[in-house]
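A.B. asks: So the chains spell out like this:
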Amino acid sequence: MIVADLRHEELARTLAGAGLRLRTGPFVSRIRSRLPALCDTIALHYAEHPLDDAGGFADFHVRLTAPRSLRRWLRPQVLFEFDDTAAFHPLPAGQAFPVLEWGLNWCVSAHCHQYLIVHAAVVEKSGSALLLPAPPGSGKSTLCAGLVTRGWRLLSDELALIDPATGRIIPLPRPIGLKNASIAVIRAFASRAVLGATVHDTAKGAVAHLKPPVDSVRRAAQAAMPRWVVLPRYEAGAGARLKPVARGRAFMQLADNAFNYHLHGRSGFELLAQLVEACACYELAYGDLEQAVQACETIAAQP
Amino acid sequence: MNVAVTSALREPQALPGWTSPQWEALVRQARSANLLSRLAAVAEDAGVLPQVPAAPRAHLEAARVVSQAHAEAVRREVTQLRKALASTGIDIILLKGAAYLYAGLPAARGRLFSDVDILVPGAALAEVEAALMQHGWATTHHNAYDQRYYRRWMHELPPLRHVSRQTVLDVHHAILPPTARLKPDSAKLLAASRAVSGEPRLRLLAPADLVLHSAAHLFFNEDLGSGLRDLVDLDSLLRDFGRPPEFWPELSARAVELDLARPFYYALRYCRRMLDTPMPEHALRAAETGRPPLGLHRLMDAVFLRALQPQQRGVPDRLAPLARQWLYVRAHWLRMPPLLLACHLTVKALRRQEEGTVPGR
Numbered sequence: 148m149i150v151a152d153l154r155h156e157e158l159a160r161t162l163a164g165a166g167l168r169l170r171t172g173p174f175v176s177r178i179r180s181r182l183p184a185l186c187d188t189i190a191l192h193y194a195e196h197p198l199d200d201a202g203g204f205a206d207f208h209v210r211l212t213a214p215r216s217l218r219r220w221l222r223p224q225v226l227f228e229f230d231d232t233a234a235f236h237p238l239p240a241g242q243a244f245p246v247l248e249w250g251l252n253w254c255v256s257a258h259c260h261q262y263l264i265v266h267a268a269v270v271e272k273s274g275s276a277l278l279l280p281a282p283p284g285s286g287k288s289t290l291c292a293g294l295v296t297r298g299w300r301l302l303s304d305e306l307a308l309i310d311p312a313t314g315r316i317i318p319l320p321r322p323i324g325l326k327n328a329s330i331a332v333i334r335a336f337a338s339r340a341v342l343g344a345t346v347h348d349t350a351k352g353a354v355a356h357l358k359p360p361v362d363s364v365r366r367a368a369q370a371a372m373p374r375w376v377v378l379p380r381y382e383a384g385a386g387a388r389l390k391p392v393a394r395g396r397a398f399m400q401l402a403d404n405a406f407n408y409h410l411h412g413r414s415g416f417e418l419l420a421q422l423v424e425a426c427a428c429y430e431l432a433y434g435d436l437e438q439a440v441q442a443c444e445t446i447a448a449q450p
Numbered sequence: 005m006n007v008a009v010t011s012a013l014r015e016p017q018a019l020p021g022w023t024s025p026q027w028e029a030l031v032r033q034a035r036s037a038n039l040l041s042r043l044a045a046v047a048e049d050a051g052v053l054p055q056v057p058a059a060p061r062a063h064l065e066a067a068r069v070v071s072q073a074h075a076e077a078v079r080r081e082v083t084q085l086r087k088a089l090a091s092t093g094i095d096i097i098l099l100k101g102a103a104y105l106y107a108g109l110p111a112a113r114g115r116l117f118s119d120v121d122i123l124v125p126g127a128a129l130a131e132v133e134a135a136l137m138q139h140g141w142a143t144t145h146h147n148a149y150d151q152r153y154y155r156r157w158m159h160e161l162p163p164l165r166h167v168s169r170q171t172v173l174d175v176h177h178a179i180l181p182p183t184a185r186l187k188p189d190s191a192k193l194l195a196a197s198r199a200v201s202g203e204p205r206l207r208l209l210a211p212a213d214l215v216l217h218s219a220a221h222l223f224f225n226e227d228l229g230s231g232l233r234d235l236v237d238l239d240s241l242l243r244d245f246g247r248p249p250e251f252w253p254e255l256s257a258r259a260v261e262l263d264l265a266r267p268f269y270y271a272l273r274y275c276r277r278m279l280d281t282p283m284p285e286h287a288l289r290a291a292e293t294g295r296p297p298l299g300l301h302r303l304m305d306a307v308f309l310r311a312l313q314p315q316q317r318g319v320p321d322r323l324a325p326l327a328r329q330w331l332y333v334r335a336h337w338l339r340m341p342p343l344l345l346a347c348h349l350t351v352k353a354l355r356r357q358e359e360g361t362v363p364g365r
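The listed protein sequences derive, respectively, from chains X and W. When we follow this note's numbering, the leftmost residue of the first sequence carries the number 148, and every step to the right adds one. When we follow this note's numbering, the leftmost residue of the second sequence carries the number 5, and every step to the right adds one.
None of these hints come from the bench; they were simulated from the model. Owing to the predicted nature of the structure, the values given are computational and were not obtained by experimental measurement. Take these hints with a grain of salt, some might be off.
[What the hints assert, rightly or not] Computed footprint of chain W on chain X, listed as stretches where at least three residues anywhere in the stretch have a Cβ under 8 Å from a Cβ of chain W: (1) 199-207; (2) 406-417.
[Claimed, not checked] Quick list of the computed label-pair ranges, beta carbon to beta carbon: (3) W:V167 <-> X:R154: 52 to 60 Å; (4) X:H236 <-> W:V172: 23 to 31 Å; (5) W:K187 <-> X:G395: 42 to 50 Å; (6) W:A58 <-> X:A184: 30 to 38 Å; (7) W:R247 <-> X:Q369: 45 to 53 Å.
We treat Cβ as the ideally placed atom computed from N, Cα and C, and that holds for glycine.
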């Protein structure tokens, strides 16, 4: 069963009641909420995501609630709870969906240390994965969104889950978060892309989410071996300049952007070393998305 | 009492038969009690880890990565500590988690560590602090009252934090505050301590004293947020040290000698009640010396049996927060004579009010 199989009232009832057991990649999140706007956005962005049975095992138990403070009459807020405990400070109610997305990312990055987790977008073509590790503001999600609208498979736009046993990247296809100017860039770049409503004035500015491609969601169980590491850097005015970088630099960028490199000790070092050893590593400074996507196509076309 | 995490720790052999909803409750409880990695170690030692269903097993494996990293971090920290204190020639007695780790005890398996605790002779405190400051440890409490509070009335320095590694170190000169009603003699603890083989300058408390310190720490604590984790420590120490029968009379005699008969009584009682810790009947009878009077006994049962539960239980217990609050007050009551306590709480209350009215704070 997938989310789209539920009628709107059923979805609202499930969210308000026992919770929606949403499967994203290797995880099941049990989401509970009575916020009507959230129900609509989940229905849009997660339409093709599978649902788990009530008797199964959920990895994360989350709830989005309106805090019962006096403020709710003036400026309603939303609170993200993990295991019945507030995980973050409350935020304006209009940000409910971004809060859910950030919260679900946090659930993974704060707990799932069976993986080495790198802050990176990951896309796949002909069985091989391309990693885009980068700090926020580097144009990682924009490039990721550009690539998936041109047929690359989405593994994740935020969290590269590296399986220490196999070295493969475990897919976690979820909506792609776009910020500020990127929103208009993607609308212009792919007119058929499904974007949710823009939420203004968040901690990260204006935010809108791009619905993940159906094919990526259906193939979420297929892990991929990393073959390319591209270090993206947004540079206004630059077309797209691609140049190879030393593996050592790619290694450092992966380690610097990892959430839990410090927990994996020596085996984490070896895992990343093997990963860059098996990859072609590049730096991509870009200001033009079309040219940046072309550059990635060129990399992938090389034998 | 059907609490998933204590059932699982008591009987890990039964884990392969647990259903998905049971695993859900277990993982959540164990995580909230900081016992997920301990559960992983217990399941592994019982040989049942491979039979745990893949989804919950992933959480156990994730937790194990964290506990292994913690253990490595503690070893690194202790190495730095030893270097920092080398010039002083003062021996370092490791306490709690670090002690279990260096003693190679099962209690260290799958344990999480929040800081490192050490014990040094009171007379050496100033020299130790100076040496630590030279090597990058800085005090964490900058308020003059807090500094005086720790230095005059507490059994430890204000916690120190290393400026570059951000690790926290607690330097104790006793195991209870000098103002507490119970007076365990630190000199006796130091005298009975033992060297760690192959680790010059590092020492550990004697086995009985490790148990009694753990008990004193748990049952005098103002915050039982990790109470169940501490009880699991005690359970593990008792199971391990208690195998030779001669340990038990030694332990109860030592409890009396160190003026810790009361926390010792609680330790045996709640370990047995909650974790089925094996212990001979004569040990329980010997511990009766520390049994509180009937009214207090009932109250303590009501409080501890609540406060030691994991907070994530599925069934809300309305009295649990009250029990925790009461423990906070009790811990202070046991720690200071009434007049001093009244002054301390007044200062704290006034300060809170003051801080509340300062704009922009």
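A.B. asks: If a hint holds in the structure, say so; if it does not, say that too.
C.D. replies: Evaluated hints:
1. 199-207: holds (count 5)
2. 406-417: holds (count 5)
3. W:V167 <-> X:R154: 52 to 60 Å: holds, 59 Å
4. X:H236 <-> W:V172: 23 to 31 Å: holds, 24 Å
5. W:K187 <-> X:G395: 42 to 50 Å: violated, 59 Å
6. W:A58 <-> X:A184: 30 to 38 Å: holds, 35 Å
7. W:R247 <-> X:Q369: 45 to 53 Å: Given range 45 to 53 Å: holds, Cβ gap about 51 Å.
When each numbered hint is compared with the structure, a violation occurs for hint 5 only.
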